[in-house]
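Go by the hints and put chain Y onto chain V.
2 protein chains.
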Amino acid sequence: MRVFVPFDASDPKTRLDPVLGTDERLSFARAMLTDVLAAIEGAGGDPTVVATEPIDIQVPVTVDERPLQDAVNDRLAETVVPTAVVMSDLPLVTPETIDRLFSVDGAVVLAPGRSGGTNAFVTRHPDFRVDYHDASIRDHRAIAAAIEVDPVEVDSYRLGTDIDEPADLAEVLLHGEGGAAEWLRERGFEIAIADGRVGVER
Amino acid sequence: MRVFVPFDASDPKTRLDPVLGTDERLSFARAMLTDVLAAIEGAGGDPTVVATEPIDIQVPVTVDERPLQDAVNDRLAETVVPTAVVMSDLPLVTPETIDRLFSVDGAVVLAPGRSGGTNAFVTRHPDFRVDYHDASIRDHRAIAAAIEVDPVEVDSYRLGTDIDEPADLAEVLLHGEGGAAEWLRERGFEIAIADGRVGVER
Numbered sequence: 001m002r003v004f005v006p007f008d009a010s011d012p013k014t015r016l017d018p019v020l021g022t023d024e025r026l027s028f029a030r031a032m033l034t035d036v037l038a039a040i041e042g043a044g045g046d047p048t049v050v051a052t053e054p055i056d057i058q059v060p061v062t063v064d065e066r067p068l069q070d071a072v073n074d075r076l077a078e079t080v081v082p083t084a085v086v087m088s089d090l091p092l093v094t095p096e097t098i099d100r101l102f103s104v105d106g107a108v109v110l111a112p113g114r115s116g117g118t119n120a121f122v123t124r125h126p127d128f129r130v131d132y133h134d135a136s137i138r139d140h141r142a143i144a145a146a147i148e149v150d151p152v153e154v155d156s157y158r159l160g161t162d163i164d165e166p167a168d169l170a171e172v173l174l175h176g177e178g179g180a181a182e183w184l185r186e187r188g189f190e191i192a193i194a195d196g197r198v199g200v201e202r
Numbered sequence: 001m002r003v004f005v006p007f008d009a010s011d012p013k014t015r016l017d018p019v020l021g022t023d024e025r026l027s028f029a030r031a032m033l034t035d036v037l038a039a040i041e042g043a044g045g046d047p048t049v050v051a052t053e054p055i056d057i058q059v060p061v062t063v064d065e066r067p068l069q070d071a072v073n074d075r076l077a078e079t080v081v082p083t084a085v086v087m088s089d090l091p092l093v094t095p096e097t098i099d100r101l102f103s104v105d106g107a108v109v110l111a112p113g114r115s116g117g118t119n120a121f122v123t124r125h126p127d128f129r130v131d132y133h134d135a136s137i138r139d140h141r142a143i144a145a146a147i148e149v150d151p152v153e154v155d156s157y158r159l160g161t162d163i164d165e166p167a168d169l170a171e172v173l174l175h176g177e178g179g180a181a182e183w184l185r186e187r188g189f190e191i192a193i194a195d196g197r198v199g200v201e202r
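From first to last, the protein sequence lines are chains V and Y. By my numbering, the letter at position 39 of the first sequence is numbered 39, and the numbering carries on one by one without gaps. By my numbering, the letter at position 192 of the second sequence is numbered 192, and the numbering carries on one by one without gaps.
Since the hints were made in silico from the structure, they are not lab data. Each residue gets a CB set at the ideal place from its N, CA and C atoms; glycine is no exception. Hints may be right or wrong, so weigh each one.
What the hints assert, rightly or not - Distance ranges between label pairs, derived from CB positions:
id: 1; chain 1: Y; residue 1: V63; chain 2: V; residue 2: G196; range: 23 to 33 Å
id: 2; chain 1: Y; residue 1: E41; chain 2: V; residue 2: I193; range: 28 to 38 Å
id: 3; chain 1: Y; residue 1: R124; chain 2: V; residue 2: E53; range: 46 to 56 Å
id: 4; chain 1: Y; residue 1: A146; chain 2: V; residue 2: Q58; range: 39 to 49 Å
id: 5; chain 1: V; residue 1: I193; chain 2: Y; residue 2: T62; range: 24 to 34 Å
id: 6; chain 1: V; residue 1: P82; chain 2: Y; residue 2: R124; range: 36 to 46 Å
id: 7; chain 1: V; residue 1: V152; chain 2: Y; residue 2: G42; range: 13 to 23 Å
id: 8; chain 1: Y; residue 1: D70; chain 2: V; residue 2: D195; range: 18 to 28 Å
id: 9; chain 1: Y; residue 1: R138; chain 2: V; residue 2: P126; range: 42 to 52 Å
Pulled out of the complex, with its shape left as it was, chain V reads as follows (with noise of 0.2 Å):
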């Protein structure tokens, strides 16, 4: 399956900046990366990186500057359904969890992640198209329905969990098996609990 990978190779997890320089959030995003490719090609997929500007990276990358929202309904509007987006930011997945994504009978299928994002989605239908702006999943409930399909929903923690702020590192740590939990391990951080809460520190 042809699957979609949107990058922000400019300026990448803005919301780590209090634990990550800006160089270390450009790295660990590629990490992320790394991560969510190797378990998209494992789980048989043809990932192609959309990102906002050139990287050197082992997979076709096609450059586009605009907002994600534009980027990603341009590639399903010229590509032959089926077509899945994932996002890059996903390092617990593993090649099982995206064959189970792939493998989920229905016209749309949604991933849905914390706080309403939709984390990863497959679209057997020409006319589905995503508007990633606040809770999306609700939208993407709504865009299917337009177009007469009912979504169907993957259940999983693993695709569920972006990683955005420093308290999601935890996460990375907890569950991660690939490249990124590597990345933070070499680099000092561990987990760390404080006034019953689960972070980390490094």
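Relative to the frame of chain V, chain Y by itself:
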């Protein structure tokens, strides 16, 4: 399968205090418990509530005033495996979710929750015990290893989403299909977007 569902009937969900009064917290916690019990029964499970004080509910209740960990470990010690434990604050679970948990083959099957929690598990080994302090998923992996079990993890967003804080209520409104979501809607809660973050307002 015998399923124990621990429930704080005394002062539940204190972190929801900013948005719910004391009586409301108990009422909402009961609505979540009811959803969880319905999902367990819908999957063919045989639930027993382990409550800190007597409650009136249509399934067997055992009262145990001790901390969660002691109450659960005593039940595990006195019950013939297989046994499951499912937390009561998982209003996104459906019968299908619980059926997945029950169906995974493994001597110890863990369902990770956010921030290192263990929101549910099945044990088919008589010596598995719990440790709910801090990042419990790490402890449960270690406890399983100590009895020479390689634990299996079930990858479920619905099992992984426990409701502790006001922001978590958005998950109930976005994904809940039972009484807890209805409870919130009836009391005027709805999704609200502030500073690009998804939350709730009343």
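Here is what the structure says about each hint:
1. Our hint of 23 to 33 Å for V63(Y) and G196(V) holds, since their Cβ atoms are close to 26 Å apart.
2. Between E41(Y) and I193(V), the C-beta spacing of about 36 Å keeps the proposed range 28 to 38 Å intact.
3. For R124(Y) and E53(V), the hinted distance range of 46 to 56 Å is satisfied, since their beta carbons lie about 52 Å from each other.
4. A146(Y) and Q58(V) have their C-beta atoms about 41 Å apart, which keeps the hinted 39 to 49 Å range intact.
5. At roughly 30 Å, the beta carbons of I193(V) and T62(Y) sit within the given window of 24 to 34 Å.
6. Range check, P82(V) to R124(Y): about 38 Å between beta-carbon atoms, so the 36 to 46 Å window is met.
7. At about 19 Å, the CB distance of V152(V) to G42(Y) agrees with the hint of 13 to 23 Å.
8. The hinted range of 18 to 28 Å is satisfied by D70(Y) and D195(V), whose Cβ atoms lie roughly 23 Å apart.
9. For the hinted restraint 42 to 52 Å between R138(Y) and P126(V), the CB-CB distance of approximately 45 Å keeps it satisfied.
Going down the numbered hints, you'll see the structure goes against none, and every one checks out.
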